[in-house]
Amino acid sequence: MNPHLQISNLTKRFGRTCALDNVCLRVERGTVLALLGPNGAGKSTLFGCLLGLTRPTRGDILLDGGVITDAARSRFGYVAERVALYWHRTVRDNAELFARFKGCAPSCALQQLTRVGLDSVTQRPVCQLSKGMLQRLGLAIALCGEPELLILDEPFNGLDPALLDTFQGVLREEIERGATLLISTHTISAVEPLASDVAVLLEGRLAAHGSVSELTARYPEEASLEAVYRRIARGEELEALAA
Amino acid sequence: MNSAVFNIRSASDCKAQGASGKAAKSPVFNIPFSEDKPISAKHARSDCRATQIRVLAFKEFGDRFRSGWVLACILLWLGAIGFASFLGLIQMGRIGVQGYERTVVSMLNLVQYLVPLLGLLLGHDLIVSEKEERTLRLLLSSGVSRSRLLLGKFLGACLTIAVPLVAGFLVAGLVIGLAARDSGLAPFLKLAFSGVALGIVFVAIGVALSTFSKTRVQAIVAAVLMWCAFVFVFDLIALGITVSYNSPAASREIELVCDAMHVNAAADIHSDADTISSAPRQTSAGAAASVAGVACLAVNPVDLFRAVNLSSTLGVHVPVGAGVASFVGWIALSLLLSRWKLNRTDL
Numbered sequence: 335m336n337p338h339l340q341i342s343n344l345t346k347r348f349g350r351t352c353a354l355d356n357v358c359l360r361v362e363r364g365t366v367l368a369l370l371g372p373n374g375a376g377k378s379t380l381f382g383c384l385l386g387l388t389r390p391t392r393g394d395i396l397l398d399g400g401v402i403t404d405a406a407r408s409r410f411g412y413v414a415e416r417v418a419l420y421w422h423r424t425v426r427d428n429a430e431l432f433a434r435f436k437g438c439a440p441s442c443a444l445q446q447l448t449r450v451g452l453d454s455v456t457q458r459p460v461c462q463l464s465k466g467m468l469q470r471l472g473l474a475i476a477l478c479g480e481p482e483l484l485i486l487d488e489p490f491n492g493l494d495p496a497l498l499d500t501f502q503g504v505l506r507e508e509i510e511r512g513a514t515l516l517i518s519t520h521t522i523s524a525v526e527p528l529a530s531d532v533a534v535l536l537e538g539r540l541a542a543h544g545s546v547s548e549l550t551a552r553y554p555e556e557a558s559l560e561a562v563y564r565r566i567a568r569g570e571e572l573e574a575l576a577a
Numbered sequence: 290m291n292s293a294v295f296n297i298r299s300a301s302d303c304k305a306q307g308a309s310g311k312a313a314k315s316p317v318f319n320i321p322f323s324e325d326k327p328i329s330a331k332h333a334r335s336d337c338r339a340t341q342i343r344v345l346a347f348k349e350f351g352d353r354f355r356s357g358w359v360l361a362c363i364l365l366w367l368g369a370i371g372f373a374s375f376l377g378l379i380q381m382g383r384i385g386v387q388g389y390e391r392t393v394v395s396m397l398n399l400v401q402y403l404v405p406l407l408g409l410l411l412g413h414d415l416i417v418s419e420k421e422e423r424t425l426r427l428l429l430s431s432g433v434s435r436s437r438l439l440l441g442k443f444l445g446a447c448l449t450i451a452v453p454l455v456a457g458f459l460v461a462g463l464v465i466g467l468a469a470r471d472s473g474l475a476p477f478l479k480l481a482f483s484g485v486a487l488g489i490v491f492v493a494i495g496v497a498l499s500t501f502s503k504t505r506v507q508a509i510v511a512a513v514l515m516w517c518a519f520v521f522v523f524d525l526i527a528l529g530i531t532v533s534y535n536s537p538a539a540s541r542e543i544e545l546v547c548d549a550m551h552v553n554a555a556a557d558i559h560s561d562a563d564t565i566s567s568a569p570r571q572t573s574a575g576a577a578a579s580v581a582g583v584a585c586l587a588v589n590p591v592d593l594f595r596a597v598n599l600s601s602t603l604g605v606h607v608p609v610g611a612g613v614a615s616f617v618g619w620i621a622l623s624l625l626l627s628r629w630k631l632n633r634t635d636l
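Chains L and W supply the protein sequences, listed in that same order. Mapping the first sequence onto the working numbering, position 120 (from 1) lands on 454, and the numbers just tick up by one. Mapping the second sequence onto the working numbering, position 111 (from 1) lands on 400, and the numbers just tick up by one.
For reference, chain L alone in the conformation it holds in the complex (with noise of 0.2 angstroms):
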């Protein structure tokens, strides 16, 4: 059986720098990943290649075993790291019209809005936003139209604990719905809850790829995903220097 999605020797390169070099992936239907990896490491690449932002060297991304097109990337779900809109539209006007873009009902818009708890501001102009709301609004954009793939680029970024809260229990609905979450983060005790797979981007090269368990069974003495992940981090820079 195919996987839900599939990577293989994904290649990226900006003149002469790699930022991605010949990263395989499987996700599987209704998982978490959690991808890790320090400032710079190709996880907004990798996630730009997914959504056709940005053109692989080389490689191949099959959804289903077939390539992405434009019609199955409106069944994606995104968030930006940085949530970048349209500032002198209302919440609103910027909700349904990405909806109508994915060919959802404007209705669907505002159902993601009252969900994400932005129904008191949707006449508010976007520029008007604090960083948390925006995160928000990025997110019920991006869960228009029940969206198969979720990907989410550092989307914890200056959230407070209740608004974290939120965000994770949004998040553990779309789980349980059945849609598949692809999680950049640096916070990553956040994550940890979420995610059944991570995978550790490092200089562009796949470090590690596996489930939670997996993972943390390798490393029986870490206590935590995130001194797994330091400790996986730490690894390849000691070889790097070995090398």
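Hint data in this document are derived by calculation from the structure and do not stem from the laboratory. Some clues are possibly wrong.
Distance condition first, Cα-Cα at most 20 angstroms in a straight line; then the derived SDA-like pairs of lysine to any residue [to be verified]: (1) Lys348(W) with Leu444(W); (2) Lys465(L) with Gly371(W); (3) Lys348(W) with Cys461(L); (4) Lys348(W) with Tyr420(L); (5) Lys348(W) with Phe348(L); (6) Lys479(W) with Ala469(W); (7) Lys479(W) with Val452(W); (8) Lys630(W) with Phe348(L); (9) Lys348(W) with Arg449(L); (10) Lys479(W) with Pro608(W); (11) Lys630(W) with Thr456(L); (12) Lys479(W) with Val460(W).
Following the hints, complete the assembly by docking chain W onto the known chain L.
Coordinates of chain W only, in the frame set by chain L:
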């Protein structure tokens, strides 16, 4: 695969159930493009594509309308046509609302300068502004293809330039018709249609500049340079080539077309318009030269617009097909170049 990678989950032992115990349920998605129904899915896809283009086009028009751009253009255009009609023959000592033909001659300079500039100003930031504000990433990740994005934005900008031009021409045309009691509407209609077409051509050129530019500043500089090239530089080069080849007939033709931009020459053109019916000036040598001239003019949409609207004054017949082909060619070339560039742009 790199040797440093340890891939615990191999291809064979991948399980649908996550290791954390979360069951990977069989998903039920409310997707309009279900693969179970290929026929309806095909229709749904084409509907969705059309919706995306329509939403983009109306968003673009709505944004410009809200910003006051459309209203300002309508007022500017009405004022320009009114003044051109009322004061167009002031150099000949005549004041008052003129008929359609004289208004057209007076309006030519204005249209040939202003409409390309408006088109370029509209088109130059369509793509680059979305790129700078990072909204392009969200747009494209929402399932909007790059081709549909270009088409939607282009159509929106066409609507934005066409509405004020058509509204201006319509109102002014009615006023002139009533005030001057002129029924010879054909030259005015020709000016209106070719003016709108000229605007659309320059919107397309603006979109191409926007796609190739990295910043809005770069795009506006390129747009202004492009405007100068089409409105001034092309004529100077064409005139230089003609003079260097010492072709008197073509020289006279280009001189007439190019001199339309000079204020004092406006009166001469009006005089030419007065005498055109009584003294045909087209000789056989001139006719041969005019064919080459039309081919040359077709390269530059501004010159083609001028030739179309001064055809009786110049004695040059511009075939409708050639005019349409040139305008459509410019639009197609600009959009194809834009698509080529946008498809190769990493965001």
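Each hint tested on the structure:
1. Lys348(W) with Leu444(W): Cα-Cα ~11 angstroms, so holds.
2. Lys465(L) with Gly371(W): 51 angstroms, violated
3. Lys348(W) with Cys461(L): Judged against 20 angstroms, a Cα distance of about 18 angstroms means the pair holds.
4. Lys348(W) with Tyr420(L): Satisfied, since the Cα-Cα distance of roughly 11 angstroms is no more than 20 angstroms.
5. Lys348(W) with Phe348(L): 34 angstroms, violated
6. Lys479(W) with Ala469(W): Roughly 19 angstroms between the alpha carbons, so the hint for Lys479(W) and Ala469(W) holds.
7. Lys479(W) with Val452(W): The hint holds at about 17 angstroms.
8. Lys630(W) with Phe348(L): 17 angstroms, holds
9. Lys348(W) with Arg449(L): The hint is violated at about 26 angstroms.
10. Lys479(W) with Pro608(W): 13 angstroms, holds
11. Lys630(W) with Thr456(L): 37 angstroms, violated
12. Lys479(W) with Val460(W): Distance ~16 angstroms between Lys479(W) and Val460(W) Cα, so the pair holds.
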